[in-house]
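Using this note's numbering, the first residue of the sequence shown is number 1200, and each one after it goes up by one.
Nothing false has been slipped in among the hints.
Calculated cross-link-like contacts (lysine to aspartate or glutamate; reagent style EDC-like; alpha-carbon spacing at most 20 Å):
no. : residue 1 : residue 2
1   : Lys1271   : Asp1286
2   : Lys1264   : Asp1286
3   : Lys1228   : Asp1286
No wet-lab data here; the hints were simulated from the structure.
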Amino acid sequence: MIGIVAGFKSERWPVIDRNAGRLQLGIRKVSLIDVAYDPAQPVLGNPNGELSIVEFFDYACPTCKTLHPHLKQIVADDGHIRLVMKDWP
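Build the full structure now, drawing on both the sequences and the hints.
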């Protein structure tokens, strides 16, 4: 089971159209499996947990800083949760 924000299906990045000379928004399709099981992302809790939660956070976000210890405690108390950390943006 994967816990993730519903509807997250794409990643956006700026693309320069050299012919038009203007900045455009490019969209690349990303599957939920790619997001939840990206080997480059750190994982807390049980790496083989039954439930995967993907936490999108920003190191500069005060709300993220407040929430993270609570989420870590829930993961530690349960033992069946795999918490994937995604630094965003």
